[in-house]
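Participant: Single-letter residue listing:
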Amino acid sequence: MEQILANGIYLGAQYAMIALGLTLIFALMNVLNFAHGQMYVLGGFVTYTFYGQLGWPFVVALLASCVTLAVLGALIEKFLFAPVIRRSSREESTMLLAAGLAFFFDAIILLVFGEKQRGVPKIVNGVLNWDFRIIMPYDRILICFLAILSIVGFIVFMQYSKTGRALRALAQDRTAAQLMGVNVERYSMIGFAIGAMLAGLVGGLLVTITGVNLGMGGPTSIKAFMMVMIGGAGVISGAIAGGIILGFMEAIGLAVLSQYGDITYLLIFVSLMIFLAIRPQGLMGKPWG
Amino acid sequence: MSNLLEVRHVTRKFGGLTANNNISFSVNENEILSVIGPNGAGKSTLFKMISSFLPTSSGEVLYRGERISNLKPHTVARMGVVRTFQETTIFKSMTVRESIVVAQHLRAKASLAGYFWGTKSAREDVESFGRYADDLIDFLGISAIRNELASNLPQGNLRALGLAIGLATDPKVLLLDEPFAGMNHDETMRMVQLVRKVRDDRGVTVLLVEHDMPAVMSISDRIIVLNFGEMIAEGTPTEIQNNQKVIEAYLGSADDEIGI
Amino acid sequence: MPRLSMIQWTGLLVFLIAVFVLVPAYIAASGRTDFYYTLTSVALLSIASAGVWLTFYIGRINIGQGAFALIGAYVSAILVTKAGISFWLSLPLAGLFAALVSVLIGVPILRLRGVYFAMITLVLTQVVTLTALALPVTNGAKGITSIPLPGEISVFGLTVIPDFAGLENPRLAFYYTSCALMVLTFAAMYRLVNSRLGHLCRSMQQNEELASSIGVNIAYIRVIVFAISSFLGGIGGAMFGSIAQSVYPSSFQVTDSVNFMLNCFLGGLGYVFGPMLGTLVLYFGWDLLFELGRYQLLVYSGLLIILMLFLPNGLLSLRIRGKGVAGR
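Residue numbers (the UniProt record's numbering), protein chains in the order written: chain A, 1 to 289; chain B, 1 to 260; chain C, 1 to 328.
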């Protein structure tokens, strides 16, 4: 029982971070970022390169992941999403662009890093064993702690900093924000950069535990979509709730149903569909109309 | 049967807020009845309940003795009670004529499959829709914008388009949502004439929600006044103008607005 | 009812001759029989894409067509291998079963709009893959293999369709079958879009509230359209299974679902024939880039992005309005 709880918190914290980035981008620009999973993988590979290959300190490598993805996110927003949103007669066109980007990142990862699974040396050794009730390696605990810290940091940033407030205003009502004097173009770019950065940060954190490989992008995106749907698209608290709920469902499912193979995910998917049929806007989303 | 539409003890609550409290009135055939009231009086809510866009919390709405509340909007429309919207609710990338043709969906005799295979009755439908649309365009005097895309129309014409879409369904009762909002005096007077003409020439009973007092006074046979979700008065325009409660309600709300 | 003009008839005739006479003649002359497989795939994928396009037409972004293609492929494979039913009977049954499933799923989820609907359909593909892995009848990860080729159909002793297994070139037979199905699908689509159902779809795409106020039963039309869409997905999937003679849980994946959507986008969402063109360009583009080896995906996705940047409304938006334009 305690073990499931611990696993749930561990999974939930990292999932929530992935969902946060996705939901931020969605809230700001109404873009469903198909490439989010690939951004996460890219973040993992950057940390792998600096920490695993070049032997730099882990924190520096993690920072490099954040910076790389933030810059990438900003460039993508400025030169790809913003022009397409301006020119297209349908907002769905951005989905094609995002899907194209997902393929593009996959191609780059394939060319630069190859198809193989990559891992890095452990950042901390040893395993916590509390009376065989909770068994968890120290590095997982550290990563979980860092993830929670990042989430708290993000919330504080969004609540209290000037940029965070501007982003929230923008997410709530684009036109109103513009009238209030928020520089919409600039903050869209900043928001996209932060969303991408979050994906990169999780990728960097998790490479120390799960390693990283090319095929992780797509499934990660799907999980992120599910979390966002559970919590309500474009709502920050919803993304966190969605992440934690999915994390716990997975932890419980894997513990209870492991002998039945992939049935956990099937059950999660089916219950999600039933949940959305009853509550289409998710837990914390606003109903439309 | 003179009571065409009957609102019976209709109440609507949103959480702890009562938007409409125990409203009862009836609409006679061939009458123009207006519902007025200060902002937030619950006019729109009432309107949505009559057209089944919102379920009632309690009470019911009857049309020719049959319940039309708590159904689906399309069912109510099929029974002959059709609402219009304010100007932003249009088919943006259809022309005026196309919108009117689509709106005649209700009058189609052939089935969806019949249209697919192009049966005789489907071809007849299509022909009669075209004729009817042209008639309606002439009737409303909007032939100049016949082939204009709805998204290109100026505000004033959008109101006429909304009316045309509503009329194309061949309704018995037409619910007009603020038909004069945002219009200047001349436009308002033209619209008043048009609504009268719809009633006189087409035998359509009109129920409307409106802010514009002079227009309401000149167009209505009877008026219902709502305030804070309660019905506070009912009567002819002259009666309403001299009703003490109504005057207080409007003065009170004016104070409130200044207070904000 | 739309009547085809002289130019449209000519265009149609040229298209038919090209598909059924010129292409086979060219392939026979050049010996590039691999083109048969490519073109057959394009035809089948464009049928499934047409379904996705139709859901776009009521304003829903459908990234779940892979699910229905997979359902169709499995239903046909199971009927042929386990029940011994003729493939030609299993084909419509596969479509109908996919449509039935889509009705059951569609009733709750079609209430969702925009991104929500898109995301849940994306998840749907995953659900069907996992179901195929979990169910005994689908034979788990091993899939269903050695599906017999389509058999003979004869009416009063007269062979209408020959036994594919006895043919010298079953590839050509599949090519003809798939192209015939594609022509049928798009003829039906053109008709549908220009009939009352099409007009009602357009009214819903533009404003669901207004549509329901004028008496359109939007819930009913949404389900009908989703069922037609999934029917097409099921048919496409069943044909694919028959050509490959095998079905696996991975036969149609999330990537395929995304590709169906991309085909529609690329061809242009306002045009009935958009999905056909989009599929052709995407599939052929991918094939042509095969020469580039490991740079294939990079160049392909790079081109996609550039295309999106400069033609965000699809390829057919380049063309002058006219033939085959549904709506505006």
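Hints should not be assumed to be uniformly reliable.
[What the hints assert, rightly or not] Using C-beta positions, here's what the derived DEER-type ranges look like:
#, chain 1, residue 1, chain 2, residue 2, range
1, B, Arg-131, A, Gln-172, 23 to 31 Å
2, A, Glu-185, B, Pro-154, 53 to 61 Å
3, B, Ser-57, C, Ile-7, 54 to 62 Å
4, B, Gln-155, A, Gln-178, 47 to 55 Å
5, B, Asp-135, A, Ile-274, 26 to 34 Å
[Claimed, not checked] Partial list, derived from the structure: chain C residues whose beta carbon lies under 8 Å from chain A:
#, residue
6, Thr-159
7, Leu-181
8, Tyr-300
9, Leu-315
Hint data in this document are derived by calculation from the structure and do not stem from the laboratory.
A virtual CB, placed ideally from N, CA and C, is assigned to each residue, including glycine.
Participant: Work down the list of hints and note, for each, if the structure agrees.
Facilitator: Results for each hint:
no.	hint	verdict
1	B/Arg-131 with A/Gln-172: 23 to 31 Å	49 Å, violated
2	A/Glu-185 with B/Pro-154: 53 to 61 Å	30 Å, violated
3	B/Ser-57 with C/Ile-7: 54 to 62 Å	60 Å, holds
4	B/Gln-155 with A/Gln-178: 47 to 55 Å	22 Å, violated
5	B/Asp-135 with A/Ile-274: 26 to 34 Å	50 Å, violated
6	Thr-159	45 Å, violated
7	Leu-181	26 Å, violated
8	Tyr-300	7 Å, holds
9	Leu-315	12 Å, violated
The earlier numbered hints that this structure contradicts are 1, 2, 4, 5, 6, 7 and 9.
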